[in-house]
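Number of protein chains: 2
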Amino acid sequence: MAIVASLEKTKPEPGISLLMSLVDDDMARVNQLILDMAGANAEMIPEIARHLIDSGGKRLRPMLTLASAGLFGYAGEGHVKLAASVEFMHTATLLHDDVVDESEMRRGKLSARMLWGNQASVLVGDYLLGQAFRKMVEVGSLDALSVLSTAASVIAEGEVMQLAAAKDLATDEARYLRVIDAKTAALFAAACEVGPIIAEAGDEARRAMARYGTSLGLAFQLVDDALDYGGSSQALGKRVGDDFREGKITLPVVLAYRAGSELERGFWQRTIEKATIADGDLERAVELLHRHGALAETAARARHYGEAAVAALDELPDGDHRQALIEVVEFCVSRVH
Amino acid sequence: MAIVASLEKTKPEPGISLLMSLVDDDMARVNQLILDMAGANAEMIPEIARHLIDSGGKRLRPMLTLASAGLFGYAGEGHVKLAASVEFMHTATLLHDDVVDESEMRRGKLSARMLWGNQASVLVGDYLLGQAFRKMVEVGSLDALSVLSTAASVIAEGEVMQLAAAKDLATDEARYLRVIDAKTAALFAAACEVGPIIAEAGDEARRAMARYGTSLGLAFQLVDDALDYGGSSQALGKRVGDDFREGKITLPVVLAYRAGSELERGFWQRTIEKATIADGDLERAVELLHRHGALAETAARARHYGEAAVAALDELPDGDHRQALIEVVEFCVSRVH
Numbered sequence: 001m002a003i004v005a006s007l008e009k010t011k012p013e014p015g016i017s018l019l020m021s022l023v024d025d026d027m028a029r030v031n032q033l034i035l036d037m038a039g040a041n042a043e044m045i046p047e048i049a050r051h052l053i054d055s056g057g058k059r060l061r062p063m064l065t066l067a068s069a070g071l072f073g074y075a076g077e078g079h080v081k082l083a084a085s086v087e088f089m090h091t092a093t094l095l096h097d098d099v100v101d102e103s104e105m106r107r108g109k110l111s112a113r114m115l116w117g118n119q120a121s122v123l124v125g126d127y128l129l130g131q132a133f134r135k136m137v138e139v140g141s142l143d144a145l146s147v148l149s150t151a152a153s154v155i156a157e158g159e160v161m162q163l164a165a166a167k168d169l170a171t172d173e174a175r176y177l178r179v180i181d182a183k184t185a186a187l188f189a190a191a192c193e194v195g196p197i198i199a200e201a202g203d204e205a206r207r208a209m210a211r212y213g214t215s216l217g218l219a220f221q222l223v224d225d226a227l228d229y230g231g232s233s234q235a236l237g238k239r240v241g242d243d244f245r246e247g248k249i250t251l252p253v254v255l256a257y258r259a260g261s262e263l264e265r266g267f268w269q270r271t272i273e274k275a276t277i278a279d280g281d282l283e284r285a286v287e288l289l290h291r292h293g294a295l296a297e298t299a300a301r302a303r304h305y306g307e308a309a310v311a312a313l314d315e316l317p318d319g320d321h322r323q324a325l326i327e328v329v330e331f332c333v334s335r336v337h
Numbered sequence: 001m002a003i004v005a006s007l008e009k010t011k012p013e014p015g016i017s018l019l020m021s022l023v024d025d026d027m028a029r030v031n032q033l034i035l036d037m038a039g040a041n042a043e044m045i046p047e048i049a050r051h052l053i054d055s056g057g058k059r060l061r062p063m064l065t066l067a068s069a070g071l072f073g074y075a076g077e078g079h080v081k082l083a084a085s086v087e088f089m090h091t092a093t094l095l096h097d098d099v100v101d102e103s104e105m106r107r108g109k110l111s112a113r114m115l116w117g118n119q120a121s122v123l124v125g126d127y128l129l130g131q132a133f134r135k136m137v138e139v140g141s142l143d144a145l146s147v148l149s150t151a152a153s154v155i156a157e158g159e160v161m162q163l164a165a166a167k168d169l170a171t172d173e174a175r176y177l178r179v180i181d182a183k184t185a186a187l188f189a190a191a192c193e194v195g196p197i198i199a200e201a202g203d204e205a206r207r208a209m210a211r212y213g214t215s216l217g218l219a220f221q222l223v224d225d226a227l228d229y230g231g232s233s234q235a236l237g238k239r240v241g242d243d244f245r246e247g248k249i250t251l252p253v254v255l256a257y258r259a260g261s262e263l264e265r266g267f268w269q270r271t272i273e274k275a276t277i278a279d280g281d282l283e284r285a286v287e288l289l290h291r292h293g294a295l296a297e298t299a300a301r302a303r304h305y306g307e308a309a310v311a312a313l314d315e316l317p318d319g320d321h322r323q324a325l326i327e328v329v330e331f332c333v334s335r336v337h
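Here the protein sequences come in this chain order: A and B.
In this text, residue positions in the first sequence follow our numbering: the first is 1, and each later residue adds one.
In this text, residue positions in the second sequence follow our numbering: the first is 1, and each later residue adds one.
Bear in mind the hints are in silico, worked out from the structure with no lab data behind them.
Wrong hints could be hidden among the right ones.
[Stated by the list, open to error] So the derived label-pair ranges between C-beta atoms look like this: (1) B:273 with A:73: 56 to 62 angstroms; (2) B:47 with A:170: 17 to 23 angstroms; (3) A:115 with B:273: 20 to 26 angstroms.
[Unchecked claim] Mimicking DMTMM-like on lysine to aspartate or glutamate, the simulated pairs with C-alpha atoms at most 25 angstroms apart in a straight line are: (4) B:167 with A:47; (5) A:248 with B:47; (6) A:167 with A:181; (7) B:248 with A:181.
Bear in mind the structure is a predicted one, so any value in this text is a computation, not a measurement.
The C-beta atom is built at its ideal place from N, Cα and C for all residues, glycine as well.
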């Protein structure tokens, strides 16, 4: 596990501290707003929302929204509401994902569906999405609403595409990239694009920030997919090998399957396509991924998108905010948790 | 089953024909837009959407949006987009409801979850909701967006409240009304309120149409809840007794339980709270509901809200549109399918 291990050796949260210090005050307001938005007449809603809110997610996406507004000197109040909306969209997706994937763990704790059931997870996810839209409407920017509502639709489309590709070893790299572009990168892109929108920074700035967010999101997901086979449960917040057990086709498997012998392909067909998994199979899978350099290759792709994210910032205003966004890329690519 | 049977004796679709003739051209455009909005890169999405679209729902809610805009002389294009958005919000709710209720039938056909699974139903519901928001943002009315996004959030809250109240015989009429106000009436109200909003008909008109929609929605749900114990499967589009089997607390049960003897309460506790249902229990339940006039009382409440809906239209412009909206009330209260 040389590659992932080397990723894990880097010092903790290398690049997120500048970002955190820049958005510290605003994030306190985002966190308060998130608690307010989780209030409801049905007791179960704040309970489940609190479970997710307290579970120690990094809140990377809302921090990106705040920093993207700050980069262009935004001085209003809308960025806090949009940041909270972005986090609610993300949280709603997690709740539904865990139902779809039958996940038992999320961020190192039992998932909401294990504690409150699938029914509540579906409905509370719907509630959080509704609250996200309500809050973003208050900001009054039709352009921001267009970007975020499009993202909501694209994320769901990506999840359906992923479901359709599950257990299908014919999935190639292009299809895999379309899935993660939709299910993950679209929200990163939207979170970053609404900053220049409400700061009225112009189309050039919007496009640059959308490109930054998309590339960062792709890098983020590629690292996640590598960590599922090479990280620790602590780093992932869920069990290592979940993707493998769910028959999820991620880039490491795409690469190893394509490069594999007949015998190896038989192994992948049995485990991923037919979902008959025995003791030792995860270890065998990891061994095959290393044999073909699939984790190293996945990490290289993540670095490639990370470089594209940094390049997207080239023409944007210099200063702490831009520096923070550059460092976030390094954080995501070398992420340990 | 005197009451419900007498409801069913009225002639088919008594009041919907004027409404249909008034919005006929616009509904053709709504239906085309619905098909366009169901398009996606993931094949499963249009397949499932088509299954729901072809299943012969009445599309009452989008017709209400069109008629509410027409009542105030709206001459733009936004009402078609808002009507399609309203129908998508409703369809998304149906998909998630069927997962939560583990329903096997919907509108007389196998439910989407029986054909494509719970996972796809959750995700495609999310997609339809995202598409609904995208389309309504295009209309560019922040007031309409506020009303519809608030409705999305309230509907989900109502569904969670219903889940929390399930199997709980301590539920009283007030709590039941709060649930159906949120899960059903909120979307009827929003569908009706966005008409005067985009027609710029003023706050008085908005409030009147919201009151009309709320009362109509309450009447609609009360009839639905009575039909579950006294209608035919054909009229309901699902199996009679589904609410009973799911332990859903509806007004007929609330009323019969309160009026029941110790022995009868024991029956409701065993069947609804403990969910141990044997052959003949549904028939026994229906008999108890009749013994205490619970279905007649539920139908009377529906008529009461129907009258309130008609009264809300008092001060609004006279003519075909108003007449059509009055007749819709009669249609809902005396609904056979």
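Hint by hint, here is what the structure shows:
1. At about 60 angstroms, the CB distance of residue 273 of chain B to residue 73 of chain A agrees with the hint of 56 to 62 angstroms.
2. At roughly 20 angstroms, the beta-carbon separation of residue 47 of chain B and residue 170 of chain A lies within the given 17 to 23 angstroms, and the hint holds.
3. Distance hint for residue 115 of chain A and residue 273 of chain B: a CB-CB separation of about 22 angstroms, consistent with the stated range 20 to 26 angstroms.
4. At roughly 20 angstroms between alpha-carbon atoms, residue 167 of chain B and residue 47 of chain A fall within 25 angstroms of each other, so this suggested pair holds.
5. A hinted pair counts as satisfied when its Cα atoms are at most 25 angstroms apart, and residue 248 of chain A with residue 47 of chain B qualifies at roughly 22 angstroms.
6. Taking the CA atoms of residue 167 of chain A and residue 181 of chain A, the gap is about 19 angstroms. The hint holds against a cut of 25 angstroms.
7. In summary, the hint linking residue 248 of chain B to residue 181 of chain A is not supported, as the alpha carbons are separated by about 41 angstroms, beyond the 25 angstroms threshold.
This entry does not satisfy hint 7, going by the numbered hints stated previously; all others are met.
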